[in-house]
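Given the coordinates of chain A, assemble chain B onto it according to the supplied hints.
Protein chains in written order, with numbering that gives the first Met the number 0: chain A, 0 to 301; chain B, 0 to 342.
Keep in mind that the hints were calculated from the coordinates and are not lab data.
It is possible that some hints are incorrect.
[As the list claims (entries may be wrong)] Result set (BS3-like, lysine-lysine): computed pairs, CA atoms no more than 25 Å apart in a straight line:
(1) B:K128 with A:K168
(2) A:K168 with B:K155
(3) A:K243 with B:K98
(4) B:K258 with B:K3
(5) B:K191 with B:K155
(6) A:K168 with A:K268
(7) B:K155 with A:K160
(8) B:K337 with A:K251
(9) A:K243 with B:K337
(10) A:K120 with A:K179
(11) A:K251 with B:K298
(12) B:K98 with A:K179
(13) A:K243 with A:K160
(14) B:K98 with A:K168
(15) B:K337 with A:K231
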Amino acid sequence: MSNKIKAAIIGPGNIGTDLLMKAQRSDVIEPVWMVGVDAESPGLARAAELGLKTTAEGVEGMLPTMRGDGVQICFDATSAYVHAENSRKVNEQGAVMIDLTPAAIGPFCVPPVNLVDAVAKKAMNVNMVTCGGQATIPLVAAVSRVQDVVYGEIVATVSSKSAGPGTRKNIDEFTRTTAKGIEVCGGAHSGKAIIVINPAEPPLIMRDTVHCLTQETPNQEAITESVHTMIKEVQKYVPGYTLKNGPVFDGKRVSIYMEVEGLGDFLPKYAGNLDIMTAAGLRTAEMYAEEILAGRFVPAVA
Amino acid sequence: MDLKGKKITVHDMCLRDGMHPKRHQITVDEMVTISKAMDDAGVPMIEVTHGDGLGGSSVNYGFPAASDEEYLTAVCKEMKNAKVSALLLPGIGTVDHLKMAVDCGISTIRVATHCTEADVSEQHLSMAKSIDNLDTVGFLMMAHMIEAEELVVQLKMMEDFGANCVYITDSAGYMLPDDVTSRIALARAELKPETELGFHGHHNMAMGVANSIAAVAAGANRIDGSLAGLGAGAGNTPLEVFVAVCDRMGIETGIDTFKAMDIAEDLIVPMMDHMVRVDRDALTLGYAGVYSSFLLFAKRSAEKYNLSTRDILVELGRRRTVGGQEDMIEDLALDMAKAQGTL
Numbered sequence: 000m001s002n003k004i005k006a007a008i009i010g011p012g013n014i015g016t017d018l019l020m021k022a023q024r025s026d027v028i029e030p031v032w033m034v035g036v037d038a039e040s041p042g043l044a045r046a047a048e049l050g051l052k053t054t055a056e057g058v059e060g061m062l063p064t065m066r067g068d069g070v071q072i073c074f075d076a077t078s079a080y081v082h083a084e085n086s087r088k089v090n091e092q093g094a095v096m097i098d099l100t101p102a103a104i105g106p107f108c109v110p111p112v113n114l115v116d117a118v119a120k121k122a123m124n125v126n127m128v129t130c131g132g133q134a135t136i137p138l139v140a141a142v143s144r145v146q147d148v149v150y151g152e153i154v155a156t157v158s159s160k161s162a163g164p165g166t167r168k169n170i171d172e173f174t175r176t177t178a179k180g181i182e183v184c185g186g187a188h189s190g191k192a193i194i195v196i197n198p199a200e201p202p203l204i205m206r207d208t209v210h211c212l213t214q215e216t217p218n219q220e221a222i223t224e225s226v227h228t229m230i231k232e233v234q235k236y237v238p239g240y241t242l243k244n245g246p247v248f249d250g251k252r253v254s255i256y257m258e259v260e261g262l263g264d265f266l267p268k269y270a271g272n273l274d275i276m277t278a279a280g281l282r283t284a285e286m287y288a289e290e291i292l293a294g295r296f297v298p299a300v301a
Numbered sequence: 000m001d002l003k004g005k006k007i008t009v010h011d012m013c014l015r016d017g018m019h020p021k022r023h024q025i026t027v028d029e030m031v032t033i034s035k036a037m038d039d040a041g042v043p044m045i046e047v048t049h050g051d052g053l054g055g056s057s058v059n060y061g062f063p064a065a066s067d068e069e070y071l072t073a074v075c076k077e078m079k080n081a082k083v084s085a086l087l088l089p090g091i092g093t094v095d096h097l098k099m100a101v102d103c104g105i106s107t108i109r110v111a112t113h114c115t116e117a118d119v120s121e122q123h124l125s126m127a128k129s130i131d132n133l134d135t136v137g138f139l140m141m142a143h144m145i146e147a148e149e150l151v152v153q154l155k156m157m158e159d160f161g162a163n164c165v166y167i168t169d170s171a172g173y174m175l176p177d178d179v180t181s182r183i184a185l186a187r188a189e190l191k192p193e194t195e196l197g198f199h200g201h202h203n204m205a206m207g208v209a210n211s212i213a214a215v216a217a218g219a220n221r222i223d224g225s226l227a228g229l230g231a232g233a234g235n236t237p238l239e240v241f242v243a244v245c246d247r248m249g250i251e252t253g254i255d256t257f258k259a260m261d262i263a264e265d266l267i268v269p270m271m272d273h274m275v276r277v278d279r280d281a282l283t284l285g286y287a288g289v290y291s292s293f294l295l296f297a298k299r300s301a302e303k304y305n306l307s308t309r310d311i312l313v314e315l316g317r318r319r320t321v322g323g324q325e326d327m328i329e330d331l332a333l334d335m336a337k338a339q340g341t342l
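Just chain A, with the same shape it has in the complex:
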């Protein structure tokens, strides 16, 4: 008897392929479909070699058989612009959509902060915010669960090589969606996000800085402890999530300096920004899968 939930990955690019490699190690997820739009895509060929069904006809190519193939979870690793349509179509076929684009049509999910809540709501679409959001929002939340954060700001610095064409074309979606995530998930009253792309060689490992301005003088001991606890939570799925410096306290400013090294599955280790996204997406899917397997959740159109 199979105790894995079948899943489809839409978008056979770097993210989709890295996700596939991670998903193959999962105890509860079995990737069975890879969906692309370009028949020449190396990602589709790789997925086919690994035994997945593939199509170059987009989601349309999978729709007729996906229910029969037992697909209950889909990941979208394409772009914000096509996500809404993809989501609608797979939802109609009774599959939950985990959105790795910054489209943000469903509720945000940052696993160590609100995964349990997100799954409990049984939403048919959840959004993984952005790579910078996954790397920083847990720490904004780590501060805001101790005391009021009036303003949360993050600076994500990524290597040129890890910033794909999608991110580059839609860089505003990154800053907007991340800023919103800092507020909604991070618990800051207002949020701001900054992204910097650095072309240095060898490529730099993703760096993230989190600045919080607290309402009252920060409780240094409690915040430091909360930050360390949160980092351990993230390390469960991204082992290379590392505190470089801080928390630094300066008046009501709390600053935390992080480095995010990836697992190096398909993407190079410096691309921690992409790794934390695929790892968070998979962790979210696994939580859904556990609910489905336990019979507590039956994905269906609302």
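Then chain B, alone, in the frame of chain A:
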């Protein structure tokens, strides 16, 4: 070199780049007074915003005395002839800020990226191009870090996205005149003839004026300067000096040299928190090729963690940091303090 009769457009930076040495604390009233004086002196273009451009207001770069909207609205409505521009760095500001600035009355938007990352400006340049009569400029920062051939590829990308003018920007004040000549000359030869070409200098190696003249000689027709040099690092090309040199050479700027000198001396210098000059640390920026607005952040961290500003700046250069990475300065200072055993 004979540049007699050549017409160029000079663009003042003291109310934008000048925000860096003022820690973004120039007031709306000061902006209005200075911009009116510049308008009267015939300065054709004036940039106004947070030092790091639209949306720059942040812990990372500093919170300004007023919002971009307040500055732009106040200045735009007072201008008789001068055109007002705003700077936008994708990754910091968005097209929402761009639209706001257009509503405030700007005539020019300048979209700035690191010299190798022009493709992040597509959203903003193409949006700007679609707005009637909006002068749309692409601005490649830290241009000393790559050779002329690579730079031209990036400039052409911005041209394709919709820029009618592109800039080679010496954000670190690192370039020497030959570096400027080779880059500008190749760009001029390769870009569309109707695309304007600009140069933005910093005075960290005291080359602001010489570099700007080299740029004009090689085919640039827009030059950034700043009255009294008020700008990041050792400041920008001092505008009044550049205009005086242009006068002597017969390059036509349309700016009244004596009036420009008077604004620099009577309005800008008294407003400075510290003398903007080629001091040891500003010189280090130019020497090590470091983004000029890192200067005050490095000084503050050096003081807080008992380090040398120069050591911090040299290390930032060695790590090939780019514009916007101000957050790495305190992080680096903490590492250095740990290494020397004082933390």
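(request) With a cut-off of 25 Å on the C-alpha distance, tell me whether A:K251 and B:K298 pass. (result) At roughly 21 Å apart (the allowed maximum being 25 Å), B:K298 and A:K251 satisfy the hint.
(message) For a C-alpha distance cap of 25 Å, please report whether B:K258 and B:K3 respect it.
(response) Cα-Cα ~22 Å, so holds.
(request) Decide if the proposed pair is consistent with the structure: A:K168 and B:K155, CA atoms, cutoff 25 Å inclusive. (result) 17 Å, holds
(request) Would you mind confirming whether the straight-line C-alpha gap from B:K337 to A:K231 stays at or under 25 Å? (result) Holds, at about 23 Å.
(message) Between the alpha carbons of A:K243 and A:K160, is the straight-line distance 25 Å or under?
(response) With a Cα-Cα distance of about 22 Å, the restraint between A:K243 and A:K160 holds, given a limit of 25 Å.
(message) Check the hint pairing B:K128 with A:K168 against an upper bound of 25 Å on the C-alpha distance.
(response) Holds, at roughly 16 Å.
(message) With the threshold set at 25 Å, check whether the alpha-carbon distance from B:K98 to A:K168 stays at or below it.
(response) 18 Å, holds
(request) Would you mind confirming whether the straight-line C-alpha gap from A:K168 to A:K268 stays at or under 25 Å? (result) 24 Å, holds
(message) Checking one constraint from the list: CA of A:K120 to CA of A:K179, max 25 Å. Satisfied?
(response) Holds. A:K120 to A:K179 sits at ~20 Å (cutoff 25 Å).
(message) Given the hinted pair B:K337 and A:K251, is their Cα-Cα distance within 25 Å?
(response) 23 Å, holds
(message) Given the hinted pair A:K243 and B:K337, is their Cα-Cα distance within 25 Å?
(response) Holds: A:K243 and B:K337 sit about 12 Å apart, inside 25 Å.
(request) Mind checking the alpha carbons of B:K155 and A:K160 for me, to see if they're no more than 25 Å apart? (result) Distance ~21 Å between B:K155 and A:K160 Cα, so the pair holds.
This entry does not satisfy hint 3, going by the numbered hints stated previously; all others are met.
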